[in-house]
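Residue numbers (the working numbering), protein chains in the order written: chain W, 1 to 521; chain U, 1 to 648.
Bear in mind the hints are in silico, worked out from the structure with no lab data behind them.
You may find that some hints are simply not true.
[Claimed, not checked] Sample of chain U residues facing chain W (criterion: CB under 8 Å; computed from the structure):
1. T66
2. Y629
3. F644
Ideal Cβ placement from N, Cα and C applies to all residues, glycine included.
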Amino acid sequence: MSIIQQLVSGIGVPNFYVLIPEIIILITAFVVFFIELFGKNKRSLITWTTVAGLSLSLIFTFVIVLGILNLITNPQILAHAKESGFYSFIISNFFEQYMTLFGLYSVDIFSLVFKVFILVGTLFVIFHLRSYAESKKTYYGEYYYLILFAVLGMMIMVSSPNLITFYIGLELMSIAVYILIGMYRKNYLSKEAAFKYLIIGGTGTAIISYAIALIYGFSGKFAFGDILKTLFYSDQTNVGLIGGLILLILGLALKASAVPMHFWTPDAYEGAPTPITAFMAAPVKIATYAVILKIMVEAFPFVSEQWSLAWAILAALSMVVGNAVALVQKNVKRMLAYSSIAHTGYIVAALAAPTTVGFAALIFYSLIYVFMAVGALMFLSLFERFEGWTNHIDDFKGLARKNPWMAFVMGAFMFSMLGIPPTVGFMGKLFVFLALIGSDIWWLAVLLVIMSIVSAGYYLKVVSNMYFYDPAKPISFNISLPEKLSMGILAIIVIILGIYPTWFFKVSTNLSSILISTIGG
Amino acid sequence: MEYLWVIPFSPLIAFIIIGLFGYKLLREPLAGIVAVIGVGIAAIASIIGFIDVATTGNYYDLKLYTWLPLGDYKVSVSLFWDPLSALMTCVVTCVSTFIFIFATGYMKGDPSYPRFFAYLSLFVFMMLMLTLGDNLIQLFFGWEGVGLASYLLIGFWHYKKSAADASFESFIVNRVGDWLFLLGVLLAFVTFGTLDYLDLFNKLPEAGYWTVTAIALLLFGGAVGKSAQIPLHIWLPNAMEGPTPVSALIHAATMVAAGVYMVARVMPVFAASDLALDVVLFVGTISAFLAATMGLVQNDIKRIIAYSTLSQLGYMFAAEGLGLFGEGMFHLASHAVFKALLFLCAGSVLIALHHLLDVQKMGQIGKYMPITTGAFLVGALSLAGIPPFSGFFSKDPIIEGAYEINWVVWVFLWLGAGLTAFYIFRLFFLAFFDGDRLDPHIRKHVHESPPQMTIPLIVLATGAVLLGFFKEFFANFLRPSLDPMSMTFLNEKTKILVEEGLSRSHHVHIHENAWEFLVHSLTSPLGLLTLFTALGGIFVAYIMYQVKIINPAWLTQMFKPIYLTLWNKWFFDLIYYAIFVYGYYKVSRFLWKAGDKIIIDGIVHGSGKTAIFSGNVMKLSQTGRISAYVLQMAIGMLVFLSLFIFLT
């Protein structure tokens with residue numbers, strides 16, 4: 001830690017070094033931008049620069065995690081730690097929070113863990129992006145730096161200690177994603193989707209701005225900690241506060257595509273190039289969930305009664321509408337869009353139980369959701385490259401015979417989304433369920449189970465089409481070994497985490513106690 | 001003791017290796033060898049652990065990790081190593097090792113050779129998870145896992161319709177038991193707030209009598225399904241459609257004994273309720289007797305042995321119901337050895353006769369297959385309970401104990417012993433001696449099996465001869481797990497409760513030393529009566545099927561109603577068919593005819609249709625027009641805002 005600290009201490013901003021991962025992403029984005037502008041035969045170079053930037057940022061995120069845990073330190077302290085018990089030593093440093101940019105940016109283990117998952121999810125997307133874009137004859141270098149800017153926006157979002165930083169991160173991410181959806185330039189659907197999302201996303205931005213204005217009007221503060229303090233000493237049923245809070249929730253719900261703010265989702269997901277859909281469904285989504293949790297817990301713990309009810313209603317609506325409409329979809333990509341609405345329902349349902357267990361369940365579910373969502377959509381992106389594949393449910397018929405490995409992989413993702421042991425999806429739903437029961441919110445817990453059963457209708461249709469039918473169309477698949485391998489890794493993670501969720505669960509429980517510990521801090 | 005983790009995971013690793021590389025890299029001999037090595041390592045590790053427990057008398061509760069936190073209780077993946085689980089694990093791994101070796105010869109040339117060994121390794125892994133867990137959830141995981149493996153292996157030759165049907169039947173019948181078992185587990189969790197055996201035992205005195213009885217009976221319901229006791233026994237004879245090593249391993253030695261093991265494992269729960277013990281006792285006794293009578297008239301070589309398995313499992317349950325848990329577990333171990341031996345001999349015969357199953361068409365194969373015949377004779381004598389074979393030392397104490405506790409039970413068990421001796425020697429004489437009924441085409445090819453099949457037979461036969469003399473060792477060995485006063489992991493209250501529950505067997509005195517027991521049996525009237533009954537059964541079989549003084553056909557005519565009842569297996573299959581298959585069909589037809597199509601439709605499809613219909617309705621809101629979207633969103637926001645601002 002100290003070496004890095006010394007390196008950048010010249011800038012004069014305290015704790016500036018915690019910004020290194022973000023700075024790397026920013027520089028990479030500009031480098032890719034210039035390569036794209038001036039380079040020749042640049043496609044491999046762009047991909048590899050992006051991958052290198054993301055990986056480097058990932059490595060530095062880990063370094064900062066180790067730094068916060070005080071593991072990069074002089075040997076004497078480490079030796080002492082080994083004697084006094086390693087786990088307690090790590091825990092003792094676990095709640096450290098580093099503020100930088102004079103209080104406008106905060107970095108702790110909570111935000112770092114989410115950054116790791118955002119970066120990993122993005123790496124999987126980048127890995128499959130080029131072959132997809134080239135096979136669709138829609139390759140543009142802009143994909144890469146726009147994705148990098150969106151990643152930067154998400155990283156700012158999860159690290160924000162106040163509403164303004166959050167707003168900047170959200171806008172940076174959203175604007176990059178609007179353009180990314182429309183990148184499929186020759187496709188009318190893609191352009192339409194981008195336009196729709198732009199309009200509705202703009203509405204969302206307006207809602208959030210107004211919400212921030214109301215909250216500012218009420219408290220005179222932007223920082224989460226300050227809002228909390230004002231809240232503590234004032235009338236908690238103030239219209240300005242409640243109105244601002246509810247509008248903020250609705251704005252966030254729009255970004256997380258919860259019903260009734262979900263209308264952009266199916267069109268945008270279906271119209272976007274599939275790797276971008278995966279990008280929107282996984283990294284963008286978990287950044288949104290993280291920031292929702294952060295704002296609710298850090299700024300508004302004293303009105304948790306209101307927001308837990310609001311999220312419970314949004315969750316219930318999302319589960320019902322998402323699952324019911326997914327049931328009648330014939331296009332698997334669109335089906336997955338509705339399924340992502342339903343998953344938003346399952347995930348924010350955990351907020352209905354404003355307890356440590358509930359927050360832990362939300363964190364656990366959002367982290368594991370990355371693997372399922374990226375996996376299932378990447379599967380589509382791989383297969384869309386082949387002549388005759390339309391993502392129609394009938395295209396899956398007989399896949400197990402033609403390509404048993406890929407069928408197995410897709411089966412694992414479907415079972416995990418459905419929530420059947422030994423896949424990790426089961427654990428995610430179980431933890432949300434237990435959190436709800438623990439807070440005596442039986443109606444939502446029961447609804448969650450019923451809606452999971454309804455969702456079997458469409459997830460299992462994919463599986464049964466793959467395994468119990470003869471191939472319907474003569475499509476030949478040619479999937480390279482690294483692609484098979486990368487999908488296999490995702491599927492195996494989904495299964496292994498289902499058998500051994502302990503470590504993940506520990507992490508999410510600890511992260512949720514970090515969040516709680518920052519209240520009033 | 002950390003090395004014990006090798007035991008369950010080496011078969012799992014073998015399963016993964018064979019599953020991944022079985023067809024492409026390993027193929028025929030290598031896949032089998034990998035499986036044998038996997039289970040062999042487990043056997044060696046479990047023997048080392050067994051010796052440790054035998055010398056020190058300790059117990060170990062090793063937790064690998066928490067799988068699932070349920071509120072305050074954490075379900076862990078764990079390994080509980082005490083004398084009881086050590087014995088069961090050793091039986092499973094050692095018997096499996098020999099059966100695996102045998103199977104490398106038996107499955108020779110089968111196109112699905114790697115698949116077979118992958119399934120077998122999976123089965124052993126699941127079985128070990130079942131025996132080694134320290135909580136009911138892990139037991140249930142293993143319980144379902146062995147059920148799955150059994151389903152896959154019975155239907156291994158899935159292109160045979162009978163095999164596919166039998167596997168389906170076993171799956172369905174087992175589900176009935178498993179549901180009861182799961183309900184028992186849930187009830188135990190609700191009552192005690194924990195599922196770890198040790199915590200659960202120590203909380204027993206807090207619970208009411210009827211709660212404990214309900215838990216014990218529900219758990220026993222699972223055991224009835226898994227161990228194929230009456231009335232859920234019908235799947236086991238049909239399960240003989242699977243390859244013979246599967247019958248030997250799963251449907252004789254290990255999986256079907258899991259129910260017996262489970263009852264012994266949660267012995268304090270059963271001991272806390274005399275009603276539960278009585279149910280175990282009577283279900284066991286009735287199964288022991290009825291299955292023996294069904295075995296009298298069968299002609300399929302494997303099914304005869306299958307009925308004897310049912311019957312012997314009944315003896316084990318009867319022993320547990322009598323409170324003689326140690327004797328029950330000892331019979332389990334000795335039965336595993338001699339029954340595996342009998343099945344492998346049958347497998348050896350089948351290979352020689354090209355899968356001819358009907359004993360009426362065999363005969364005189366003894367002279368072509370001397371090793372198989374000798375081994376089968378040892379197994380048959382052991383099953384019949386003739387000293388000095390192991391069956392005598394394990395089965396006779398149960399019969400003698402029953403005499404002192406409940407004479408009705410004794411009568412059935414005693415008659416069952418005579419019938420057992422008769423039917424197994426009927427099979428022996430018909431198949432290996434007697435006249436020459438064998439098809440000349442087949443007889444040309446009859447030959448002794450290769451060494452990888454005969455060596456396991458010889459080893460198991462040696463075991464069947466010697467095991468009985470270790471009676472005292474096993475009794476002392478199991479004491480820390482099954483004798484309440486020596487169970488160090490129980491608290492005082494539970495000890496007293498369990499001691500009271502087992503008081504029914506306190507006045508029974510059975511000599512622990514094998515020699516003393518032998519001398520006692522040969523001198524006391526009761527022992528002599530049992531012995532002569534068994535010898536009488538063999539003698540009747542001899543005069544009927546070898547010297548043919550009595551003609552079996554004539555007997556059949558004489559006692560036609562009895563014969564038909566037995567031939568139809570006491571009509572169990574027919575009744576079940578009538579109720580569940582035909583009855584269900586009739587009822588649904590009636591309902592349909594009565595115009596209730598709406599109700600059935602409503603229940604079966606209605607929920608799906610409602611969902612699809614509402615999906616279609618909601619789909620309408622997705623108009624594709626942005627203005628409509630924004631309008632709907634605005635309405636949603638308005639409703640939301642007014643809800644919170646005006647109502648709170």
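Here is what the structure says about each hint:
no. : hint : result
1   : T66  : 5 Å, holds
2   : Y629 : 4 Å, holds
3   : F644 : 5 Å, holds
Hint compliance for this structure: every hint is met.
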